[in-house]
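A.B. asks: Each chain, letter by letter, is given below.
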Amino acid sequence: MRHIISILIENESGALSRVAGLFSARGYNIESLTVAPTEDPSLSRMTLVTRGSEDIIEQITKQLNKLIDVFKLIDLADTVHIERELMMVKVKTTETTREEIRRMTDIFRGRIIDVTPTSYVVEMTGPSDKLDAFIAALDADHIIEVVRSGPTGISRGEKGLHL
Amino acid sequence: MELNGAQIVVQSLKDEGVEYIFGYPGGAVLHLYDAIFQQDDIKHILVRHEQGATHAADGYARATGKPGVVLVTSGPGATNAVTGIATAHLDSIPMVVISGQVSLPVIGSDAFQEVDMVGITRPCVKHNFLVKDVTQLAETIKKAFHLATTGRPGPVVVDIPKDITDPRIKVPYKYPKKVNMRSYNPAVTGHKGQIKKAVDLLLNAQKPIIYSGGGVVLSEASKELTELTRLLGYPITNTLMGLGAYPATDNQFVGMLGMHGTYEANMAMHESDVILAVGARFDDRVTGKLDEFCPYAKIIHIDIDPASISKTVKVDVPIVGDVKAVLEQMLEVIREHKQKPHKKALDAWWQQIDQWRALNCLEYDRESRLIKPQYVIEQLYEVTKGDAFVTSDVGQHQMYAAQYYHFDKPRRWINSGGLGTMGFGLPAAIGVKLAHPHADVACVTGEASIQMCIQELSTALQYNTPVKIVNLNNRYMGMVRQWQEFSYESRYSHSYMDTIPDFVKLAEAYGHVGMLIENPEDVRPALEEAFAMKDRTVFLDFQTDRTENVYPMIEAGKAHNDMKLRVAPGTSTDRELA
Chain C
35 MRHIISILIE
45 NESGALSRVA
55 GLFSARGYNI
65 ESLTVAPTED
75 PSLSRMTLVT
85 RGSEDIIEQI
95 TKQLNKLIDV
105 FKLIDLADTV
115 HIERELMMVK
125 VKTTETTREE
135 IRRMTDIFRG
145 RIIDVTPTSY
155 VVEMTGPSDK
165 LDAFIAALDA
175 DHIIEVVRSG
185 PTGISRGEKG
195 LHL
Chain R
116 MELNGAQIVV
126 QSLKDEGVEY
136 IFGYPGGAVL
146 HLYDAIFQQD
156 DIKHILVRHE
166 QGATHAADGY
176 ARATGKPGVV
186 LVTSGPGATN
196 AVTGIATAHL
206 DSIPMVVISG
216 QVSLPVIGSD
226 AFQEVDMVGI
236 TRPCVKHNFL
246 VKDVTQLAET
256 IKKAFHLATT
266 GRPGPVVVDI
276 PKDITDPRIK
286 VPYKYPKKVN
296 MRSYNPAVTG
306 HKGQIKKAVD
316 LLLNAQKPII
326 YSGGGVVLSE
336 ASKELTELTR
346 LLGYPITNTL
356 MGLGAYPATD
366 NQFVGMLGMH
376 GTYEANMAMH
386 ESDVILAVGA
396 RFDDRVTGKL
406 DEFCPYAKII
416 HIDIDPASIS
426 KTVKVDVPIV
436 GDVKAVLEQM
446 LEVIREHKQK
456 PHKKALDAWW
466 QQIDQWRALN
476 CLEYDRESRL
486 IKPQYVIEQL
496 YEVTKGDAFV
506 TSDVGQHQMY
516 AAQYYHFDKP
526 RRWINSGGLG
536 TMGFGLPAAI
546 GVKLAHPHAD
556 VACVTGEASI
566 QMCIQELSTA
576 LQYNTPVKIV
586 NLNNRYMGMV
596 RQWQEFSYES
606 RYSHSYMDTI
616 PDFVKLAEAY
626 GHVGMLIENP
636 EDVRPALEEA
646 FAMKDRTVFL
656 DFQTDRTENV
666 YPMIEAGKAH
676 NDMKLRVAPG
686 TSTDRELA
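Protein sequences appear in the order of chains C and R. For this note's numbering, add 34 to where a residue sits in the first sequence, where the first one is 1. For this note's numbering, add 115 to where a residue sits in the second sequence, where the first one is 1.
Note that these hints are calculated values from the structure, not bench results. We put the beta carbon where it would ideally sit given N, CA and C, even for glycine. Check before you lean on any hint, since a few could be wrong.
So these bits of chain C aren't anywhere near chain R, every CB distance computed over 12 angstroms [to be verified]:
id	residue
1	T68
2	F142
3	D163
4	R182
5	G194
Here are the simulated DMTMM-like pairs of lysine to aspartate or glutamate, each with C-alpha atoms no more than 25 angstroms apart in a straight line [as the list claims (entries may be wrong)]:
id	chain 1	residue 1	chain 2	residue 2
6	R	K257	C	D103
7	R	K429	C	D89
8	R	K426	C	D103
9	C	K100	R	E254
10	R	K292	C	D103
11	C	K96	R	D398
12	R	K426	C	E92
13	R	K404	C	E92
14	R	K673	C	D89
15	R	K429	C	E88
16	C	K100	R	D431
17	C	K106	R	D420
18	C	K100	R	D231
19	C	K96	R	D420
20	R	K292	C	E46
21	R	K458	R	E443
22	R	K292	C	E44
23	R	K426	C	D109
24	R	K458	R	E386
25	R	K247	C	D103
26	R	K413	C	D89
27	R	K404	C	D89
28	C	K100	R	E335
29	R	K679	R	D388
Chain C is faced by these chain R residues, among others (derived, beta-carbon under 10 angstroms) [what the hints assert, rightly or not]:
id	residue
30	G234
31	P238
32	K241
33	N243
34	F244
35	L245
36	M296
37	R297
38	S298
39	D420
40	A422
Go ahead and model the full structure; you've got the sequences and the hints to work with.
C.D. replies: Right, dumping it as structure tokens:
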């Protein structure tokens, strides 16, 4: 099953490599990984998407917790949560396709943030499956490049990961 | 007080109460060595190879419970230390390794003797640091000792660039008394509800067994474990790492378990209905085939590391906490419990265990005209009255020592259990002897292992650490040969050495005493003579039976009740008993 593990970690040099190294050393897979400092610059928030059986996910969370730099973590899959990913897609445009791409972008609630005579850059946020759906709706021949941030997430309600 | 970086390191170690540093100088640590030169409080032990430094510090730590301290230079000094760091990591041994690094401005430029020590050691340390500011140095060293010695212990590396120890840059020095790390709070006491559940399960058991490991030694919980075991009257088995935590000469002790464990220990595990696992981690050498591991048992597991629980074997009652604290809690609950262990069931269980015991699985051919390695260990046990510190290398000799030297006290058996590092024994013995100068220290080894760190014979002379090296010389890498005999139709691929040095001459060349022992009747007198030479390191080269194997054996991937036992005297086939 897919799990989104959200980690509050010391913003120290090497902290990211400890997490990444743990996954490669123990043979766990990482689908995506995003990291940035929080409102407290001494802490980073890391969101990691992985897949595995319950046993493996349990080991992953335990091994992550064991890292000295890890402060707290939560498996968002266990909670009601919101998931968002940012995507930018550069597409080739022609007279005939411009209108259709604009319409599609509207339907998916994206925005066109760069325009040239032959291309658009479409910005879109949402759960990962929505972004997948947008890409699937585009003609593959028109896609120049796709840049995705990987999902980040937050639990609903009052509770949260903090010091 | 204003000190420079090099002085800060030395002063911090003094403030930490460090007695010995095991190290080897080099370019990146010259400032540090200059600071060491100008003081007498901390004794520096100059090894002959950095691997020796880590093993010696490790031996010191295992024998005392105090952290071992290592100092190496950057580049090759640091990489040579890695095997010893990984050895300490897999056995959870407290150790602080200070490694020199090239100066901050040249880091990342492939400078002379530069390696990314923090990167290289990341998977084999509890934590590591690169010091980037001299004002952080004292606190970082404090953190290193705090991490190394608390929770589940382990090695911590502090990588110090050369310019951080620059003698010209002085900063105010104050060694922190305590250190708070907001992201590190290891558990101590166990969850009361879980302990209650565990005790209920234990007292209701019909065929219980206690399975304890190195965590009991690390937690100094031998007394509590012994008390609990005697109070319950249950059989107890120790892992290779846990030997000595419960007295081996006690009747409730059924021997070591696992790949080369006793028949009774493995059978009792297999048939048990409740297992109390204490500070043990269900290592693959213990469990054998996981699907068939203890099929009838409910398992209680006490461990300080939550990640050790249900890692390989699913347990029924997990208890996270320090073994000593949790055992104390359990003892209290048991004493106040209305229920007592089932006497009738327990009597029947012991009867069954005694039947397994009667098989005498460790018996060997005592009529042989050749020296049997088991006999050497038995004699070593008698000559040292069972009270020596015994270090070992890795292989058959290690298993013989574990099987035939009956450790009654913790911290007496010192071996590389997790990583299985050949070359560990001799430097570890030097570390042990420094910690306990008046105790008998033996290094049980083989002719292959001993050659992996033989250079430390020179260290042993320089610092006058008279250890006795018991070399079980069968002219084979015995354990490799044994596996090749069992699993590769005796194709002895590169497990044989035909240019083994003359160890007697070698020992003499290093300034020690060498003895060659070729006949069984000479074994005991040689050991007596060697141990009578209190102030000399003695290398006893025992020429042992080349064909001897370690039994019992659970071959890799087999279950506990599927043991290979010794060929009975007078028969020609293996007895494969289930």
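A.B. asks: Could you run down the list of hints and mark each one as holding or not?
C.D. replies: Outcome of the hint check:
{"no.": "1", "hint": "T68", "in the structure": "holds, 20 angstroms"}
{"no.": "2", "hint": "F142", "in the structure": "holds, 40 angstroms"}
{"no.": "3", "hint": "D163", "in the structure": "holds, 32 angstroms"}
{"no.": "4", "hint": "R182", "in the structure": "holds, 28 angstroms"}
{"no.": "5", "hint": "G194", "in the structure": "holds, 17 angstroms"}
{"no.": "6", "hint": "R:K257 with C:D103", "in the structure": "holds, 16 angstroms"}
{"no.": "7", "hint": "R:K429 with C:D89", "in the structure": "holds, 9 angstroms"}
{"no.": "8", "hint": "R:K426 with C:D103", "in the structure": "holds, 22 angstroms"}
{"no.": "9", "hint": "C:K100 with R:E254", "in the structure": "holds, 21 angstroms"}
{"no.": "10", "hint": "R:K292 with C:D103", "in the structure": "holds, 22 angstroms"}
{"no.": "11", "hint": "C:K96 with R:D398", "in the structure": "holds, 18 angstroms"}
{"no.": "12", "hint": "R:K426 with C:E92", "in the structure": "holds, 9 angstroms"}
{"no.": "13", "hint": "R:K404 with C:E92", "in the structure": "holds, 22 angstroms"}
{"no.": "14", "hint": "R:K673 with C:D89", "in the structure": "holds, 23 angstroms"}
{"no.": "15", "hint": "R:K429 with C:E88", "in the structure": "holds, 12 angstroms"}
{"no.": "16", "hint": "C:K100 with R:D431", "in the structure": "holds, 22 angstroms"}
{"no.": "17", "hint": "C:K106 with R:D420", "in the structure": "holds, 16 angstroms"}
{"no.": "18", "hint": "C:K100 with R:D231", "in the structure": "holds, 23 angstroms"}
{"no.": "19", "hint": "C:K96 with R:D420", "in the structure": "holds, 9 angstroms"}
{"no.": "20", "hint": "R:K292 with C:E46", "in the structure": "holds, 23 angstroms"}
{"no.": "21", "hint": "R:K458 with R:E443", "in the structure": "holds, 23 angstroms"}
{"no.": "22", "hint": "R:K292 with C:E44", "in the structure": "holds, 23 angstroms"}
{"no.": "23", "hint": "R:K426 with C:D109", "in the structure": "holds, 18 angstroms"}
{"no.": "24", "hint": "R:K458 with R:E386", "in the structure": "holds, 18 angstroms"}
{"no.": "25", "hint": "R:K247 with C:D103", "in the structure": "holds, 17 angstroms"}
{"no.": "26", "hint": "R:K413 with C:D89", "in the structure": "holds, 18 angstroms"}
{"no.": "27", "hint": "R:K404 with C:D89", "in the structure": "holds, 18 angstroms"}
{"no.": "28", "hint": "C:K100 with R:E335", "in the structure": "holds, 22 angstroms"}
{"no.": "29", "hint": "R:K679 with R:D388", "in the structure": "holds, 24 angstroms"}
{"no.": "30", "hint": "G234", "in the structure": "holds, 7 angstroms"}
{"no.": "31", "hint": "P238", "in the structure": "holds, 5 angstroms"}
{"no.": "32", "hint": "K241", "in the structure": "holds, 7 angstroms"}
{"no.": "33", "hint": "N243", "in the structure": "holds, 8 angstroms"}
{"no.": "34", "hint": "F244", "in the structure": "holds, 9 angstroms"}
{"no.": "35", "hint": "L245", "in the structure": "holds, 7 angstroms"}
{"no.": "36", "hint": "M296", "in the structure": "holds, 7 angstroms"}
{"no.": "37", "hint": "R297", "in the structure": "holds, 7 angstroms"}
{"no.": "38", "hint": "S298", "in the structure": "holds, 4 angstroms"}
{"no.": "39", "hint": "D420", "in the structure": "holds, 7 angstroms"}
{"no.": "40", "hint": "A422", "in the structure": "holds, 4 angstroms"}
Checked against the numbered hints given earlier, the structure satisfies every one of them.
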